[in-house]
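Two chains, two separate frames, one set of hints: put the complex together.
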Amino acid sequence: MKPAPRLPWLPWLLVAVGITWAWLATRQQQRAGRPLTFLVSDVVPGLVMIAAGLLIRSRRPQNRCWWLLVAASFAWYVGDFEHSTNDDVVLGAFAFGGWYGLFLGWAVPAFPSGRLQHHRDKVLVAALFALLAARSVSRVFLHVRPDFAGYGVENRFLPISDDRWWRMVEDVFAWGYAATMLGLLVSVADRWLRSSRPGRRMVSPALSAATALAAAVAYEYAIGWNADVPVATGLPIYYVVWWAYAAVALALVIGLLRLRGTRSAVVDLVAELGHDAPPARLGDALGRALGDASLTLLPWSAAAESYVDDRARPVQLPVDQPNRAITRIERRGGPVAALVHDIALLEDPGLVNAIVAAVRLTVDNEQLQAEIETQLAEVAASRSRIVAAGDAERRRIERDLHDGAQQRLVTIALALRLAETRLDGDASPRVRAVLSQAVQDLGDAIDELRNLARGIHPAILSESGLGAAIESLVSRSPLPVRLDIDLADEPSSAIAAAAYFAVSEALTNVVKHANAQDVTVRAVASDGMIRVEVIDDGDGGANAHGGSGLRGVADRVASVGGTLRLHSPAAGGTRVEVELPCALS
Amino acid sequence: MGRTVLIVDDQSEFRLLARELLEADGFVVVGEAGDVQGALGAARDLRPDVVLLDVRLPDGSGVDAARTMQTGPAPPVVVLTSTADYTDEARQCGATGFIPKGLLSGPVLRAVLEAA
Chain C
232 MKPAPRLPWL PWLLVAVGIT WAWLATRQQQ RAGRPLTFLV SDVVPGLVMI AAGLLIRSRR
292 PQNRCWWLLV AASFAWYVGD FEHSTNDDVV LGAFAFGGWY GLFLGWAVPA FPSGRLQHHR
352 DKVLVAALFA LLAARSVSRV FLHVRPDFAG YGVENRFLPI SDDRWWRMVE DVFAWGYAAT
412 MLGLLVSVAD RWLRSSRPGR RMVSPALSAA TALAAAVAYE YAIGWNADVP VATGLPIYYV
472 VWWAYAAVAL ALVIGLLRLR GTRSAVVDLV AELGHDAPPA RLGDALGRAL GDASLTLLPW
532 SAAAESYVDD RARPVQLPVD QPNRAITRIE RRGGPVAALV HDIALLEDPG LVNAIVAAVR
592 LTVDNEQLQA EIETQLAEVA ASRSRIVAAG DAERRRIERD LHDGAQQRLV TIALALRLAE
652 TRLDGDASPR VRAVLSQAVQ DLGDAIDELR NLARGIHPAI LSESGLGAAI ESLVSRSPLP
712 VRLDIDLADE PSSAIAAAAY FAVSEALTNV VKHANAQDVT VRAVASDGMI RVEVIDDGDG
772 GANAHGGSGL RGVADRVASV GGTLRLHSPA AGGTRVEVEL PCALS
Chain F
973 MGRTVLIVDD QSEFRLLARE LLEADGFVVV GEAGDVQGAL GAARDLRPDV VLLDVRLPDG
1033 SGVDAARTMQ TGPAPPVVVL TSTADYTDEA RQCGATGFIP KGLLSGPVLR AVLEAA
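In the order they appear, the protein sequences are chains C and F.
If you count the first sequence from 1, you need to add 231 to reach this note's numbering.
If you count the second sequence from 1, you need to add 972 to reach this note's numbering.
Think of the hints as simulated: they come from the structure by calculation, not from any bench.
Check the hints yourself; a few may be wrong.
If you want the footprint, here are the derived chain C segments under chain F, 3+ residues with CB under 8 Å [what the hints assert, rightly or not]:
(1) 632-640
(2) 643-649
(3) 679-686
(4) 689-700
(5) 726-737
Being a predicted model, the structure only gives us computed values, none of them experimental.
We put the CB at the ideal spot given by N, CA and C, even for glycine.
Isolated chain F, as found in the complex (with noise of 0.2 Å):
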């Protein structure tokens, strides 16, 4: 069984296109989030291996999140997105990559998995 991941982002279409193009490369899409409180709760509820967070949600950031995250007793891996750059910002906040919305495939997010 492939890796579980929970896709953060508030919007629909992005989710919908991320979740064809994982699972299309053995990912299994376990639950998808608009916002930080839901994807907290997703993260919480649904224990997923690799959380693929936008930074940019409508109640917060999604940095902030990731670090939230990361104190819980069982921390998903986190991967951050954003059409801007944040590769130090998720470094800092304990993500283990970032990956640019316009790259984003089933192959990049292994690769990104692996380099870690």
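Just chain C, with the same shape it has in the complex (with noise of 0.2 Å):
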């Protein structure tokens, strides 16, 4: 969120204030009898000044520059008051008229921070100060009236009657001033091609501007000044000079808000990281969106306990680069990140919490992506636990079928067949029917017994493999199948029981709903997958959601990560797909 500006009422103000200040100074122009284009020319630079300041104020509050051009706006009117009617006022418009020059002067290199970054900008702003200080004093002190503008006051303080020294100062300083101008122009085009992207969207205005104004001082000063100029001529050279001064002010604030577009490529970027974008390339993402090819993000590992770059390797954070900054990216108190980037991202502090967002949320994601595989594989490996605990349950029940109740059963058949075949010849034909029946009856229910326990797990499939447990279903199968078996080695015994029942299923199926003519079953195992098919030439429209019998088939194959397909169209027939690894992961 933006910090509200302290001292709300002071731009009001400064506005009241620095109006007032323009309408006194083209009150001194008008006095002097000034066109209005002049008028014009005079008053408006001025005032874009101050709205310019006033706008980076409302924007960046702490950005500095703001007040270079507020106070900029004010000197700039200083000199209007060479017109005055009173001879110490006029004294002081024309020794302090030029100080604007160094407040715009300061501005410009120090755009966007509002800080003086290298070392040559600061002397070159030293330069001004002194070149303007310098030509305050002359005129103060060593002025001559009447000069060669045929304008200015007495010189009051010295007795002075020879203006060389004057003229000679004036000489320096125009040189000087236009010299130190292009020179901040030059310090502005070297850190314009030093810029990643964001940086030049930021400088280019004002390079922009700053190229203009160099070359319209240099012409001012080095051409203008001191030459027989006509006025005709002359006062178009201020005029462009003048506006020149307003277009540097209008870029410092077009270049901060062109900025603001860059917030935008990230906000698209943080859309993008919610559908899919691999957290490992958020940092080339974010330079793309950027367009800071240098974006380094450094993520935090704990087990480091430092930043780590893209090979995990742990990196110390780079310092007193220059035009770099550090983003630390911090979450619940612990470090998160670290974002080496250009140092102009940082005079947008909303890009700056998008892009620290953007990072956040790409973090949640990943540990939340994370977390929801993990719990996915525990709830995998829980199911395939639950299905291999269910298959030793059924397995346990069918050998205690086959031990207990079916041998018991078989025990008493033989008995009783035993018995039949003992009874004398003189027996009750009344009771060899009797037993004759019962030794029937025992048949049927061992019988019974056994699809049972067929059902709940075929001993075949434990004993014999999954090849002969197919055959064994496909032979007790009432209609005619075609069997397909390639099945090169074994698979484990849940891929079997999951491949068995649902061959079972299918088939159970087939014979209950198809009314189908030819079915066909193929188990083939190839590439480490087990392919089994069922396929029939029936009436098809089967539902894999229609019953439970699919579905729990579905689930168990899924349980040991295979996939079941169902393809039924209406009167097409039906083909059963089942796809198993041939071993658990």
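This is how it looks when you write it as structure tokens:
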């Protein structure tokens, strides 16, 4: 959130004072009979400066550029008071009329942070100050009236009649001022060349305006100044220079506003991250979104207790790199990552917040994804364990039936049959009939129990393998079934059970519902997968979600990492396809 | 003399009843075994005409034991028995036939042997 500016009434006060100051200045020029073009070209740049300064203050209260522009605005009108009726005022205006150049010349290299980053800029601004100070002192103490331009005031402090010194200072100032402005232009151009895209987006308007200003100033001082230039030619030069100063102030505002465009790119990036963006490539994505190819995202490694690079090697954060800044991203008080980026990005706190939010969002997504994957793996493992435990229990029940009830019934059947053979010839036919019926009923009971045991768990699957178990299934089918089995190695018991019950369920459905004439069962192993198919030419229209049978098979298949597909168009037959890994992972 | 039979089953009651049923029908039961190892040893030592072999044994599969018996110089006739259906398995392992345990009797065994 943007911090609320302190002294909220200050802008209104400055606007009121600035307008009053401009009005008073304009009155002085009106008194001198200046034309309307002159008046407009004189008053508007100052108002543009104060407006630009206050706009920057409203957007970036911490940015020092705003007061440099406001100061330039107030200094702008000082020279107009050379036409005052008060000699002291005229002297002050004459001596201090050009100081707006210092504030603007300071603001341009200090943009966008408001601080002079480079030593050369500090030297150049100091040179500007020295030149202006020397000229002011010269105009107060060394000036001899009338000067070459025919204006100014009497030197009332020193009895000087020779204007050589004053002229020398004025000449030095003119060439020095133009050279310093050109130096600042070169410095800004150099910064532009070294900046990344967001930095250039901000600096470009200021660079353009500063170029125009430097050219105009150079022309004004190197050619126009001290030359015998007619007023008709000289005034337009002044107009160009003045509007160039206004353009500089305006360019600084435009530069800051252009950075906001970069924020929308980050917003797009955040939206993109919400869909599909590998967290590991977030740094690259941010770099692309911001146009800062040198942007580096260094995640924090809790294990290494350090920021790490893309190969998980601990790295030290760079310090004291020109035009580079480090944004540390934290979450719940702990470090998450560090972003090394163009210092220009710091000029837009909203942009930085968006970047931080994007990184946090990605890290959260990554952690959430990892947690979900872990939970999914746990659920899958749990489901496999449940199915395996169920299978083990089914095998135990089947074995209990086999070893217990079935064996007892078999023994009883044999005993009855033995008794039947040992009956004397004179045994009652009714006794023989009852005994025979008992043997018959017992045989039926054994068959039913055997079918029940097979449904719980087919013993043949455990003892003879999947291929034999499927052959057994097919052999019991009342329909003719073509069989194609090619299983090189026996799969694990869970995989074999899943395949067996899939075939069993599919064949049962064919017999019950399909009205099929042709049925094929295929079980083939290749490339580490077992593909089981049951195909019929029946009525079709089967639904995997219609009953519990195929759905249960699908669940069982999924529990071992397999898939079940059902193709069953109406009147188009049915194909049940099951793919299973040969071994559990 | 009837054909000699080796009965292999882990249930002693089944072996006893099977012996009586078969002997009542003229077969000569020359031995019994309760597991695969015993079955292989008895088949080698007693050289029975027929081995009545349960599929599910404590130390292994009767199907595998049948295969092993078929590798000897004078392989016996093997008939598998079980409460489950092992008809196809019997065919594949070289056994002569398969008899559900509940249906075992001398005539049934004879029918299976004659059908082979």
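How the hints compare with the structure:
no.	hint	verdict
1	632-640	holds (count 4)
2	643-649	holds (count 5)
3	679-686	holds (count 4)
4	689-700	holds (count 6)
5	726-737	violated (count 0)
Checked against the numbered hints given earlier, the structure breaks only hint 5 and satisfies all the rest.
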